[in-house]
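If you're matching them up, the sequences are chains A, B, C and D in order. Residue numbers for the first sequence follow the numbering used here, beginning at 564 and rising by one. Residue numbers for the second sequence follow the numbering used here, beginning at 564 and rising by one. Residue numbers for the third sequence follow the numbering used here, beginning at 2 and rising by one. Residue numbers for the fourth sequence follow the numbering used here, beginning at 2 and rising by one.
Some hints here could point you the wrong way.
[To be verified] Straight-line Cα separation of at most 25 Å, BS3-like style, residue types lysine-lysine; simulated pairs:
1. Lys194/C to Lys40/C
2. Lys194/C to Lys180/C
3. Lys40/C to Lys818/B
4. Lys194/C to Lys253/C
5. Lys40/D to Lys818/A
No lab work stands behind these hints: they were computed from the structure. Note that the structure is predicted; figures quoted are calculated from it, not measured.
Chain by chain, the residues run as shown.
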Amino acid sequence: MAVSTTSRDAAPPAGLSRVQLIELYRWMRLTRTLEERLVALYRQTKVVGGLFRSLGQEACAVGSAFALERRDVLSPLIRNLGSMLVKGAEPLEILRQYMAKGNSPTRGRELNIHFGDVVDRNFVGQISHLGDMVPVMAGVTLTFKIRGEPRVGLVYVGDGATSTGAFHEGINFAAVQRCPLVVVVENNGYAYSTPTSRQTAADRLVDKAAGYGIPGVRADGNDVLEVYRVTRAAVENARAGRGVTLLELMTYRRKGHAEHDSQSYVPPGEIETWAATNDPVDRYIAQLTGEFGVAPAELAAIDDEIRTTVDSATDEAESAPPCDGPDALRGVYADPAEMPILWYRGDVASAVPDHERPAGWGTHDG
Amino acid sequence: MAVSTTSRDAAPPAGLSRVQLIELYRWMRLTRTLEERLVALYRQTKVVGGLFRSLGQEACAVGSAFALERRDVLSPLIRNLGSMLVKGAEPLEILRQYMAKGNSPTRGRELNIHFGDVVDRNFVGQISHLGDMVPVMAGVTLTFKIRGEPRVGLVYVGDGATSTGAFHEGINFAAVQRCPLVVVVENNGYAYSTPTSRQTAADRLVDKAAGYGIPGVRADGNDVLEVYRVTRAAVENARAGRGVTLLELMTYRRKGHAEHDSQSYVPPGEIETWAATNDPVDRYIAQLTGEFGVAPAELAAIDDEIRTTVDSATDEAESAPPCDGPDALRGVYADPAEMPILWYRGDVASAVPDHERPAGWGTHDG
Amino acid sequence: MAEITFVEAIREALTEEMERDANVFCLGEDIGRYGGAFKATDGLLDRFGEARVIDAPISEAAIVGAAAGAAHYGMRPVCEMQFIDFISCAYDMLTNYVATARYRAMLPCPIVVRGPSGGYVRGGPFHSQNPEAAFLHTPGLKIAYPSTAEDAKGMLKAAIRDDDPVLFFEHKYLYRRIKGTMPAGDHVVPLGKARVAREGRDLSIITYAATVWKSLEAAEELERTDGLSVEVIDLRSLLPLDDEAIVATVKKTSRVLVVHEDTVTGGIAGEITARINQQCFEWLDAPVRRVGAHDVPLPYAPPLEDFVLPQTSDIVRASRWLAAY
Amino acid sequence: MAEITFVEAIREALTEEMERDANVFCLGEDIGRYGGAFKATDGLLDRFGEARVIDAPISEAAIVGAAAGAAHYGMRPVCEMQFIDFISCAYDMLTNYVATARYRAMLPCPIVVRGPSGGYVRGGPFHSQNPEAAFLHTPGLKIAYPSTAEDAKGMLKAAIRDDDPVLFFEHKYLYRRIKGTMPAGDHVVPLGKARVAREGRDLSIITYAATVWKSLEAAEELERTDGLSVEVIDLRSLLPLDDEAIVATVKKTSRVLVVHEDTVTGGIAGEITARINQQCFEWLDAPVRRVGAHDVPLPYAPPLEDFVLPQTSDIVRASRWLAAY
Ligand SMILES: Cc1ncc(C[n+]2csc(CCOP(=O)(O)OP(=O)(O)O)c2C)c(N)n1
Ligand SMILES: Cc1ncc(C[n+]2csc(CCOP(=O)(O)OP(=O)(O)O)c2C)c(N)n1
Ligand SMILES: [Mg+2]
Ligand SMILES: [Mg+2]
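Bound conformation, chain A alone (with noise of 0.2 Å):
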């Protein structure tokens, strides 16, 4: 199970026409335009909980999900507010479920990101424990095997969520059902304020595949073309019956783990000089200006109607109404399809009588 390591310079990838390459412009913009809007949004508390960034990391969400089609399933975490943009979530989503309002995707019962769709657009809603997703996509996928479906799934870790039982476990499950998924390890540096080199004890997370049976491949993270290259391959790795690949995708969490988190545990200087010279969206700039002679004002233009599109949404979630305390009621079941509300919300005083005991003694004396 050779482990390979790719180099920035490999040539762009076949297959891609200038419409893609422009489109996977649009997504990394839009994916950071709509974290910013969002981080005004919280400084003027309508968020509701905590913010989640992607600043830096824009290429391993785009790029991965860019190499999926519409019927593949995608398993997204905190950070991958890209890919499911990509995978057709709207900006109006987002928004609405960050506010909390009463027309979000999970009617206020879930925030930030964690929602999805497995009828349509297929992404599935995550929940907050960590390597969780990997035995469900395990699931996901042991489905398309049976049926003998030509359907891939994509899950993402954490390096900090490679430590976890449930990673392990769904990891060497699907391996050896040889289930059509690629699983994405997002090595940004951190978990919370853990370092890598805390979390294991080994230098490359890719280093795992092995022990697995399966290959692994390293790369550039902040490289949208080389994200979605190897991506793919291993995609269509998957959808011809070869089973799982692992994937390590190099970034950096240049915000912290959430808003609120100071980062005072990172080394002086090291956020400056990611941000100045390992930028994924300014890399890709350049290489769209430079190698495929894309004019910066196309780009701009892009730039402007995004906002457009973003401010727009941003309006239309404002306006839109808050949650409903009932419905809080609904959904928890099949059948039934709504759970009691408690006696005491209701009018307590009859129920004194619905005690009395017909033919015996009383104690409404007390």
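Given the structure of chain A, go ahead and fit chains B, C and D with the ligands onto it with the hints provided.
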């Protein structure tokens, strides 16, 4: 983290005296004779619960445990009767425990070889849930590291148990903390009825080592000197502060998962071939009487002596008293030392008065 | 029709459901060629093939998680825990991922997690557990725990067809000791409905699983020796609980003993006592009392296990106390 | 002495115990340099060094398992779950390995597993949980859930010194809202003892954690508006439960409301109701009633969370019902 595979015909391990070479034989023979005795008792229905054999795996258990000092801590599994004997467990304890005697090491609370002694002989009582002992031993050895004690830990897992989340979390934790721990994977080809090929897609379980950033060594588990040699090296590494080593010992489970298992799932001839060509005791006898010039009579004398030991231990164990019911309430907590007996076990009639309400209405006309 | 055992009834249910619906498949350790530690899935591999009877690695969290993922995409997975004691390894997956799937993300999650549970078998602390109470405060799950072979079959079929995740406990003490004659045709027993195992007037015993049989023994003895008419309610489903059946028997006898094999502290009897207080306190002529296991891990030596677990004689003594109250 | 917050009281307890006993050490995710998600361990790394304040990988089962192993060899580990919701990942290790260690193998296992729990903070279904009931039927564990800063400090010190494993729940809603003045000297509050948070004659509210404060609010309102004298019992320890304190208040007021933040179904109120039935049924002038969360996973949107969780007004209404009964 290089993974080296050692070959059977390596030179006999340095530093083993003739006495020690004989001791190794003694432990393997005792293990086998004691298990044969347990089978007899099982057939006489004197064993309570299942009986687990290590036939054909005695070299793994004995050779590895022999590399430890008394102060070092061992965590055995159900196939490690031999390891426990080497570490100081008495045949009498084993027999009492299997027969659920009142003076068994756990006073009838636990079965087969689920018992330990962390005060003097230093082996830890296992639980059934596979993988859980790995994190526990990470903590035992973390303690030695924190205290700067030159003590080492050794934990066994089966090929099947490597699929558990607990194994993954525990070995990774120990590796990051550079705990003085040796993790021995006893690969006997099966997990209950499941062949290793359905447990993992990896050709070699030792290939997991790289993913934890630790050295991995695969060795012939039916060559007791080889097992001793590789374990001894790993133990010295750990004691020298160089952290965790993963050992994969190749062996074969000749009996069923437990006595009840008919092994119908095993390909015809497989067991017979191993028995005929690769029995660890036979191989060691050949080595001792050949290479090391030990007279067969000397080994025969040891066999007789062991039989006598096991005979008298059996008589003593059989004559031991059964457990005493009420003792079941003791020792759940340090405080309280004993749990209360439930109300319906006492003189229930007397319970009624306790329930009368002095200054109130009563319902004893009920 | 001929009588079959409890475990054969389980196998019949699995076979019929797999025949009926191609989306139903089984997943677990040693369930294929070996047919499962208790042979519940014996023969399924030959009949349905490796794609639908899957031998999994020793990974309970992955087994349950994979089942959930498959269920999101239209499958109807049935997971076997080799012993229900190992469900603890999937506790996070069940309570956080599976139970909340529909509510938090509109994800359909019709899975069944089944396995051999319970004591009285010298299994020791890790092969005798009754973990049902640990899942009782997890909205989103359903819990079934049948006591008869007929219910074992009918309720497992209902569980597989249910659109919600169901934990299905099979008491191993009953696997071969209890037999039943299966009703002809498509025998489905709805979840959430209790059963009157024995009619009575003087006293009600509310119970489930193996202690249903001990309660019936006790009831007979009490009839013989004390002339007491004891009603025995077999809950069958623990989540949701059948409040109607509970209230009906309380209003009938006004004296209630709740019996289960789980430890008294933290067992389901507490929940039942609270519901009785809530719904028919006035009808009580005596306190609701509990009979269960002593609050210790279950030891394996016969004298210890017998001492710790509730026995028929305990139910008899406790019933006399209630009757005399 | 100056007032400090609940979370500062936790930090004081940790600091004092680490000073007192070199065997005490902390283990958890982001507890070192970062000082923990809620800063409970802030400053401990600088003070005690990396050997005693250990940043662990994201491996709750390994954190708890390693703590157990260390405890077998004389250490006194204190594990932090970044949010108590993640204790579910260590459920097997806690209920099967840790809880049984002493009983099955005479292994000392004095560990503390602590972490921020509870809702009312818009944390959603996975950062707001109250898992205490899931551990109630596990003999071998102790459970503490303080509501005041003084108890937070005194009980954590007691838990660290206790020779048995203790689950220690810290309600994050109280972390910074609740302040207290620590008694001088070695302030230790014994486990297993409840506290009368408010004296009363007409009605008893038995509760713990955040709902202690809501119950006190309700009691004041009921005094003002209805002239009712309400007693509030803060259980503080949930395993073992303080039966004496429970019986005493029931015999005093004969009307009992059990209040907790956990879901009504399967919450600890059921156990308490059963114990009251068992020990002082005759003293009851009304059924024991429960106030808790609705039986759904906890949603995050404010209107939904407020609807699902018990509020002061609910306690007031339920108390009026009981008083009028
Ligand atoms: C099982 C579990 N334990 C702890 C947490 C708390 N937690 C949330 S995110 C996080 C760090 C995750 O780091 P990583 O996996 O590298 O992802 P990243 O945030 O860097 O994208 C932690 C510890 C959790 N969500 N789940
Ligand atoms: C977590 C868990 N799941 C399932 C089991 C049931 N079980 C007991 S032994 C066994 C097979 C173990 O195989 P392996 O690890 O290879 O050890 P071996 O028996 O071959 O020595 C299984 C599945 C268990 N004990 N623990
Ligand atoms: Mg990370
Ligand atoms: Mg094996």
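- Taking each numbered hint in turn, which are not upheld by the structure, reported in ascending numerical order? 1
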